[in-house]
Amino acid sequence: MEILMILTVGVLVSVSTYLLLTKSLLRVILGIVLLSHGAHLLFLTMAGLKEGAPPLLGEEAASYADPLPQALILTAIVIGFGVTAFLLVLAYRTYKEHKTDDLDQLRGSADE
Amino acid sequence: MNNIVLLPVLIPFIVGVFLILLRKQVHLQRIISGVTAFFLVFLTVFITYQIYQDGIITIELGSWEAPFGIVLVGDLFSGIMIVLASIVAVACLFFAFLTLHPDREKYYFYPFYFFLLTGVNGSFLTGDIFNLFVFFEVMLISSFVLIVMGGTKYQLRESFKYVVISTFGSMFFVIAVALLYSVTGTLNFAHLADRISQVDSADSGILTVIAILFLIVFGLKGALVPLHFWLPNAYFGPPTAVAALLGGLLTKVGVYSIMRTYTLIFSHNQDFTLNIILILAGLTMFIGVLGAVSKFDFKRILAIHIISQVGYMIMGLGIFTPLAIAGSIYIIAHNMIVKTALFLFCGATEKVTGTTNLKKMSGLLKTHPYLGWMFFIAAISLAGIPPLSGFFSKFALVLAGLEEQHYFIVFVSLVVGLLTLFSMVKIFMYVFWGSPSLTPEEAKKRKVGKLLLPGIPLVIISFLMGVLAEPMFILLFETAEQMLDPSIYINSVLKE
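In the order they appear, the protein sequences are chains A and B.
This note's numbering puts the first sequence at residues 12 to 123.
This note's numbering puts the second sequence at residues 4 to 499.
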């Protein structure tokens, strides 16, 4: 199971790398989103996909699942969501002002 | 009494939330934020004094015991950093009162200013690596808003790049934390340090990879070469008050994190990691200063100088002796104060002349002598002329480098010092010497007057830091001893 997850992470990260290197504002943002998914999945996998009871006092089980990674990933997802929303608005405003979403034309000149 | 460590995080947060409600009453916002910022200076000085008297202060949030819950830890290094951050913040706030456009003030400048402080103080005080990530994000999101506020074409274009690069770095942070958690099974700084110090050096390879991954993450925030490229353009766009605030605080948080993790946590395989840090330090200094030498824009030169100074800060860490670490902290302190002062004088010059292009102004010394001489003192302090603070910081680093026989990096740092002086003199010659570009009538109309006030205390602090170098170094040596002996930190957090 871990191997499959790691492969998924690899695919997500490579796709996001491709998208980050393209020249359209929106694609770059999608690249960031996919990269964050990859990072979160990696976190889940790295902590180990254990089988065990929920870590509650009432459960009389031999092993318990580790709740910490899930809590951390949840935090990271919320942060990623906020930043993505901000990025989308920023990209929209940039597009409105510059009338282009081509990053080649958003390079800026050397003498500013 | 331990709860006092929480206040530098909590107060800016609550005040920031409260100020959102007062959006239209700009005057009231100014009063509240001014009072709070001054209060924070006194509070942080008091906390640092407490730490100095009684040793490291820790607080376990929600009373969850140390390795399980999140802890905030105030040791001397964090104490010094929060004091400096609040001094820089107060100066920038008052400069913002004098220069900021009313629209920016109405559209939540002050709330985001305080959220930025929340993130910065939180990063300095936290004792948990994931919590550090969260505070980093609080700080970064506020900085995104501050940098794009105003929405000019230039700002939008450059902010987009800055936001994408920062977010990319944050995702690497998550990945690095994930790897670290899978190897060590903990996130608490003290617990991590304890576990990593017990690892056999033969199978510490994966830990070295993680250490370098963290160096990349923090290096991106701290603008180490070759991860520095985002900084000059991003800091050029926003108004000077904002650029001074970000230039003073943001990169230093990255440097702080590198120093914290490499002294406390990644104490294995230091031959390899410290060498990499030294090489990066040399490159950062040299390439940063070359950028500054080649530019002809006041604000841009100052922004690029941030990069070159970050190199000095990392150099002390790479040498890794008490003297070098003390020198590093000294140069962080010196740089935060002096760089902010220079930015504020740059802003004052921009108000007077209406431009930051060096070739379009000259002769300000005749029409605005106080501005000229204040800038001159700050500039030679940055370049390292005694008896100002820049001299002693570089002196300590050079001495430590010679003692440890790192001759090449010492040579590079001295050459960089010379080039720093050159670029500062270049600004001084273009802006202040020559025949006045303003007619006497214009000059009378465009007085600097109050604009100098936020910068002057910073120049005085720089002067005092130079004159009182000996007591400063006594404090800094104690800080360095505390940092180089991780068991002090570990014992005070885990209470073994």
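By construction, these hints were calculated from the structure, which means they are not laboratory data.
You may find that some hints are simply not true.
[What the hints assert, rightly or not] Mimicking BS3-like on lysine-lysine, the simulated pairs with C-alpha atoms at most 27 Å apart in a straight line are: (1) 498/B - 354/B; (2) 109/B - 107/A; (3) 369/B - 450/B; (4) 164/B - 34/A; (5) 363/B - 156/B; (6) 354/B - 450/B; (7) 164/B - 107/A; (8) 498/B - 450/B; (9) 362/B - 447/B; (10) 156/B - 110/A; (11) 298/B - 164/B; (12) 156/B - 362/B; (13) 156/B - 107/A; (14) 109/B - 27/B; (15) 110/A - 448/B; (16) 369/B - 354/B; (17) 156/B - 34/A; (18) 498/B - 369/B; (19) 453/B - 354/B.
Quantities reported herein were computed from a predicted structural model and do not represent experimental measurements.
Taking the hints in turn, this is what the structure says about them:
no., hint, verdict
1, 498/B - 354/B, "violated (55 Å)"
2, 109/B - 107/A, "holds (23 Å)"
3, 369/B - 450/B, "holds (13 Å)"
4, 164/B - 34/A, "holds (12 Å)"
5, 363/B - 156/B, "holds (23 Å)"
6, 354/B - 450/B, "holds (9 Å)"
7, 164/B - 107/A, "holds (16 Å)"
8, 498/B - 450/B, "violated (58 Å)"
9, 362/B - 447/B, "holds (22 Å)"
10, 156/B - 110/A, "holds (11 Å)"
11, 298/B - 164/B, "holds (21 Å)"
12, 156/B - 362/B, "holds (24 Å)"
13, 156/B - 107/A, "holds (10 Å)"
14, 109/B - 27/B, "holds (6 Å)"
15, 110/A - 448/B, "violated (39 Å)"
16, 369/B - 354/B, "holds (17 Å)"
17, 156/B - 34/A, "holds (18 Å)"
18, 498/B - 369/B, "violated (63 Å)"
19, 453/B - 354/B, "holds (12 Å)"
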